[in-house]
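Chemist: Please build the complete structure, drawing on both the sequences and the hints.
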Amino acid sequence: MTEVLAGRPADSAVAAGYRSIAMAVLAESTAGIRWRLCVGETWCTVTPPRHRPRAQGWKLHVSATPVSAPEVLANAARVLGMHECAFKFAATPRIIAELNGVRADRAQSGKFLTVYPVDDDQLRILAEQLHEATVGLAGPAILSDRRYRPDSLVHYRFGCFAGPSDLDDTGFYEGQLRAPDGTSTADARNPWFSPPSWASPPFDPPAKSGPSRKRGDPVLIAGRYLVTAAIRHSNRGGVYRARDQHTGDQVLLKEARPHIAADPTGQDARDRLRHEAAILRRLGPTGITPALRDVVTVAGHVFLVEDLIEGTSLQRWPAGRERQVPVAEVWQLARELTERIATVHEMGYVLRDLAPSNVMVTPDNIPVLIDMECTVRTDQSAYIAGTPGFGAPEYFGATGRDTAEPLPAPGPEVDYFSLGATLLFVAAGINPVLAADARPTGARLATIVEAAAPTSPALRALAPLILGLTAEVPRRWSLARAIAFLQTEPIAGHALPGPELPTEKIDRLLCDGLTYLIDTMTPHSGYLWPRPPALPPGDPCNVQLGAAGVLAVLDRAMRSGKHWVAPALATAADWLDRRLTKPSRILPGLYFGRSGTVWALHSAAETLGDAALAERALDYALHIPLDWSNPDICHGLAGAGLAQLQLWRASGDQRFAERATECADRLVQLTKAADSRVDWLAGAQFRDELAGSESYGFGHGVAGNAAFLLAAGRDLHQPDLIEIAIGGGHALCAVAELDGDGARWPKGPRKTDTPDLNFWCNGTSGIGTFLVRLWQVTGEPRFREFAERAGRTVYRDRWRLATGTCHGIAGNAELLLDLAAATGQPRYRHWAAEIATCLYVRTTERDGRLLVPDDTMRAVCASYNVGLAGVLDFLLRLEHGGSRSWLVDNRPTGDGPP
Numbered sequence: 001m002t003e004v005l006a007g008r009p010a011d012s013a014v015a016a017g018y019r020s021i022a023m024a025v026l027a028e029s030t031a032g033i034r035w036r037l038c039v040g041e042t043w044c045t046v047t048p049p050r051h052r053p054r055a056q057g058w059k060l061h062v063s064a065t066p067v068s069a070p071e072v073l074a075n076a077a078r079v080l081g082m083h084e085c086a087f088k089f090a091a092t093p094r095i096i097a098e099l100n101g102v103r104a105d106r107a108q109s110g111k112f113l114t115v116y117p118v119d120d121d122q123l124r125i126l127a128e129q130l131h132e133a134t135v136g137l138a139g140p141a142i143l144s145d146r147r148y149r150p151d152s153l154v155h156y157r158f159g160c161f162a163g164p165s166d167l168d169d170t171g172f173y174e175g176q177l178r179a180p181d182g183t184s185t186a187d188a189r190n191p192w193f194s195p196p197s198w199a200s201p202p203f204d205p206p207a208k209s210g211p212s213r214k215r216g217d218p219v220l221i222a223g224r225y226l227v228t229a230a231i232r233h234s235n236r237g238g239v240y241r242a243r244d245q246h247t248g249d250q251v252l253l254k255e256a257r258p259h260i261a262a263d264p265t266g267q268d269a270r271d272r273l274r275h276e277a278a279i280l281r282r283l284g285p286t287g288i289t290p291a292l293r294d295v296v297t298v299a300g301h302v303f304l305v306e307d308l309i310e311g312t313s314l315q316r317w318p319a320g321r322e323r324q325v326p327v328a329e330v331w332q333l334a335r336e337l338t339e340r341i342a343t344v345h346e347m348g349y350v351l352r353d354l355a356p357s358n359v360m361v362t363p364d365n366i367p368v369l370i371d372m373e374c375t376v377r378t379d380q381s382a383y384i385a386g387t388p389g390f391g392a393p394e395y396f397g398a399t400g401r402d403t404a405e406p407l408p409a410p411g412p413e414v415d416y417f418s419l420g421a422t423l424l425f426v427a428a429g430i431n432p433v434l435a436a437d438a439r440p441t442g443a444r445l446a447t448i449v450e451a452a453a454p455t456s457p458a459l460r461a462l463a464p465l466i467l468g469l470t471a472e473v474p475r476r477w478s479l480a481r482a483i484a485f486l487q488t489e490p491i492a493g494h495a496l497p498g499p500e501l502p503t504e505k506i507d508r509l510l511c512d513g514l515t516y517l518i519d520t521m522t523p524h525s526g527y528l529w530p531r532p533p534a535l536p537p538g539d540p541c542n543v544q545l546g547a548a549g550v551l552a553v554l555d556r557a558m559r560s561g562k563h564w565v566a567p568a569l570a571t572a573a574d575w576l577d578r579r580l581t582k583p584s585r586i587l588p589g590l591y592f593g594r595s596g597t598v599w600a601l602h603s604a605a606e607t608l609g610d611a612a613l614a615e616r617a618l619d620y621a622l623h624i625p626l627d628w629s630n631p632d633i634c635h636g637l638a639g640a641g642l643a644q645l646q647l648w649r650a651s652g653d654q655r656f657a658e659r660a661t662e663c664a665d666r667l668v669q670l671t672k673a674a675d676s677r678v679d680w681l682a683g684a685q686f687r688d689e690l691a692g693s694e695s696y697g698f699g700h701g702v703a704g705n706a707a708f709l710l711a712a713g714r715d716l717h718q719p720d721l722i723e724i725a726i727g728g729g730h731a732l733c734a735v736a737e738l739d740g741d742g743a744r745w746p747k748g749p750r751k752t753d754t755p756d757l758n759f760w761c762n763g764t765s766g767i768g769t770f771l772v773r774l775w776q777v778t779g780e781p782r783f784r785e786f787a788e789r790a791g792r793t794v795y796r797d798r799w800r801l802a803t804g805t806c807h808g809i810a811g812n813a814e815l816l817l818d819l820a821a822a823t824g825q826p827r828y829r830h831w832a833a834e835i836a837t838c839l840y841v842r843t844t845e846r847d848g849r850l851l852v853p854d855d856t857m858r859a860v861c862a863s864y865n866v867g868l869a870g871v872l873d874f875l876l877r878l879e880h881g882g883s884r885s886w887l888v889d890n891r892p893t894g895d896g897p898p
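In this text, residue positions in the sequence shown follow full-length UniProt numbering: the first is 1, and each later residue adds one.
Treat the hints as calculated values from the structure; they're not laboratory data. Beta carbons are placed, not taken as given, at the ideal position from N, Cα and C, and that holds for glycine. Please note: incorrect hints may appear among the correct ones.
Claimed, not checked - Taking lysine to aspartate or glutamate pairs in the EDC-like style, the calculated list, with each CA pair at most 16 Å apart, reads:
no., residue 1, residue 2
1, Lys-672, Glu-723
2, Lys-672, Asp-688
3, Lys-505, Glu-879
4, Lys-582, Glu-879
5, Lys-562, Glu-879
Claimed, not checked - FRET-style restraints, in silico, Cβ to Cβ:
no., residue 1, residue 2, range
6, Ala-859, Arg-377, 34 to 42 Å
7, Leu-226, Asp-679, 33 to 41 Å
8, Ser-184, Asp-574, 29 to 37 Å
9, Ala-534, Trp-198, 29 to 37 Å
10, Arg-439, Val-39, 34 to 42 Å
11, Cys-511, Ile-491, 37 to 45 Å
12, Arg-335, His-524, 55 to 63 Å
13, Ser-357, Thr-42, 38 to 46 Å
14, Arg-585, Ser-357, 38 to 46 Å
15, Pro-53, Ala-534, 25 to 33 Å
16, His-830, Asp-889, 35 to 43 Å
17, Glu-41, Glu-780, 53 to 61 Å
Modeler: This is the structure in structure tokens:
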């Protein structure tokens, strides 16, 4: 953070843009007062001398657009300077554009400037003066707040005045509001006005101009279109199903809110929706797009009314087919889609944003182009737009993307690329998003196609077309060539094994990844490794996103013979040791709490031969609270119990065995007494103690809870815990949906929920993780059958998912290694090695290193469950063997720990 005083010279970085405006106004209007400006990546905070921040209260937000922001800031700073009131504002035009973007967080959108009054009397004065100073300027409504006056830029809400310093129950830092009776509640930022019940608003609510409407009442738009269902909500506005009261037809309504996604010319989402209406008016009669019905404006919001296209989004279309999409079906769809795009080009337009989410497929398998706001005439200019991964790299990644001026429309070759990327997704479920590096995009996609094609007959048939359409210009195929290719007969074939990743490439990924972890450590920062920017701040010491997960991977690398990581291991262990007592709360969960932290720290201490550190870790573990209301692995007692069980085995200290028993007892009490329950069949084998789990999966539900009880019952000689786990296993087998020789599970709580999840935390992968261990303890063939069904499912879906451990293929591949170890069948290790290939071809090259990107597929982060560390943990196990991390698998002998 940089500190600058108004009226003094500032460096050129601070003097630019919004910051120079604020400081110039304050220097002029409040001569002699030394203001402090703290510059962060997102916000600039301005405080007067002797400022004493309040913990909470009513505060003001002033909205703006990129065009109005300089004037809003100047006028507001003049008012706030007169009253010596602290405030903050968005640091750059890019930040305000992101805050107001169509995909922005609805609860945070529009908050350009935040005001922190010293009391409610000052708040009332400032609200009126800020309103007068900004009246007539442009800015969106702030959904989490209430407007001071109709159409005012000034809004108010009750909330915390400082960044959160306490961990919530889930392991993230969240603001806590203190009620008059001393109790605390979360400072919830909802996309609607929701102050705590005990906070009296400082202003009277606005008078109702018409009949009041209650939440849930029917909504009639423009006196004609009766909303029947909301399809989705976004910052831009909602998308709704509706009935035309004049014709009785079902229609689709798309909404655009005022001043959302405003560009430097002042045009916003409403203008783009009107532009889309013009496109539909031109293309709709051809059947390529929905037909335009109407455009109406209600209270400044614009609604586009179009034909409702029944069918399935192309984003969901492959999942509705067999796991191997029929070659003839995808070939025909490719032909239809290509011909429609060719027609768009013949009519003088370029789409610019062709992606699976922008195509509907009718029940007759006819593709219809939707969401046409990015489509332009070839003689127009426009700001760059598109969907990451599906946009042509030479256009979507152009240097003019962030310029203040629109660029000439690109040629049709950008749509050729998008078509190729879309067909890659349709044929094999592969998301073409790639983390940026210097290598040509076409060559990187070709590597992915080459690796994935053997196992996908549809991809193998379409491979020449996909590679041609995604090649670099000028080698990129034209649509004429694509249509000629699709007029031939496809060559159907059988699925074949994919390529296993050779040992030398596994070594390369491990060496590069571990070196990256070592080089990116920041021992003097609040986070030892930078946290993922897409996620909220969390405990910097935990496994999920903090240092403990990375420490465990360095420890495993050291134990696997990579002794060159020893200095980094010692540094990370020391960093964790010094920070164990820092937070105000100690959470018990294995991944989001401190149970995984002490597990990792104790193991690292043993590897380093540091007996004193090992003792400190054990002592800390004895102070982890077990009086907790969450039973699960990630956040609760099952995770804490696994750590206590592991530390008993490692130390022989009977207190840990007693604490593991306490975790098991509390867990069963909680799940037996829970009000909500997952579906659970009746019968003697379906013991229902775990029916009160939140879901079916491993991270948060039945599978993880049962896995802990199974391990505790086995190691602590408590057969009733094993029987409860067996009941959970039978229940999980009963709710499985068979999928050929595989199986899938719903998230829960109902077995009728869509069984699309194939992750460690929820769904197939994590449930298989438990069932294979249950089979090892019981010998029950049914548990092995469903564990192996889970293994086949995660293997088949390896190209469809992201890279990570919690929600991706690295975690799923761990199940395959579990099956290889449990069954002795080599095919499971081969399949895991194929998943390593999936990871390798997705790498990004940074400073000569090949690094596997995180779950966003666009960035690299160290974090265990969403980033690089978990991937490296899998690769270390694949190459060097060993048991799975964060589980207690090896059964001790005799009456005590090994």
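Chemist: Run every hint past the structure and note whether it holds.
Modeler: Hints and how they fare:
A threshold of 16 Å between alpha carbons decides the hint, and for Lys-672 with Glu-723 the separation of about 15 Å falls inside it, so the pair holds. In summary, the hint linking Lys-672 to Asp-688 is supported, as the alpha carbons are separated by about 8 Å, within the 16 Å threshold. Pair hint Lys-505 plus Glu-879 holds up; C-alpha atoms about 11 Å apart against a cutoff of 16 Å. Between Lys-582 and Glu-879 the CA atoms are separated by roughly 37 Å; this puts the pair beyond 16 Å, and the hint is violated.
At roughly 12 Å between alpha-carbon atoms, Lys-562 and Glu-879 fall within 16 Å of each other, so this suggested pair holds. The given range of 34 to 42 Å is respected by Ala-859 and Arg-377, whose C-beta atoms sit roughly 35 Å from each other. Taken as a hint, the range 33 to 41 Å holds for the pair Leu-226 and Asp-679, whose Cβ atoms sit roughly 35 Å apart. The given range of 29 to 37 Å is respected by Ser-184 and Asp-574, whose C-beta atoms sit roughly 34 Å from each other.
Separation of Ala-534 from Trp-198 is about 34 Å and conforms to the stated range, judged on CB atoms against 29 to 37 Å. Distance hint for Arg-439 and Val-39: a CB-CB separation of about 35 Å, consistent with the stated range 34 to 42 Å. Remark: the range hint 37 to 45 Å for Cys-511 to Ile-491 is upheld by a beta-carbon distance near 40 Å. Checking the proposed 55 to 63 Å range against Arg-335 and His-524 shows it holds: the Cβ atoms sit about 59 Å from each other.
A C-beta distance of roughly 28 Å is found between Ser-357 and Thr-42, which places it outside the suggested range of 38 to 46 Å. About 40 Å separates the C-beta atoms of Arg-585 and Ser-357, a value consistent with the hinted range of 38 to 46 Å. Distance hint check for Pro-53 and Ala-534: the Cβ-Cβ separation is about 28 Å, which falls inside the suggested range of 25 to 33 Å. Look at His-830 against Asp-889: about 22 Å separates their beta carbons, and that is not inside 35 to 43 Å.
Our hint of 53 to 61 Å for Glu-41 and Glu-780 holds, since their Cβ atoms are close to 54 Å apart.
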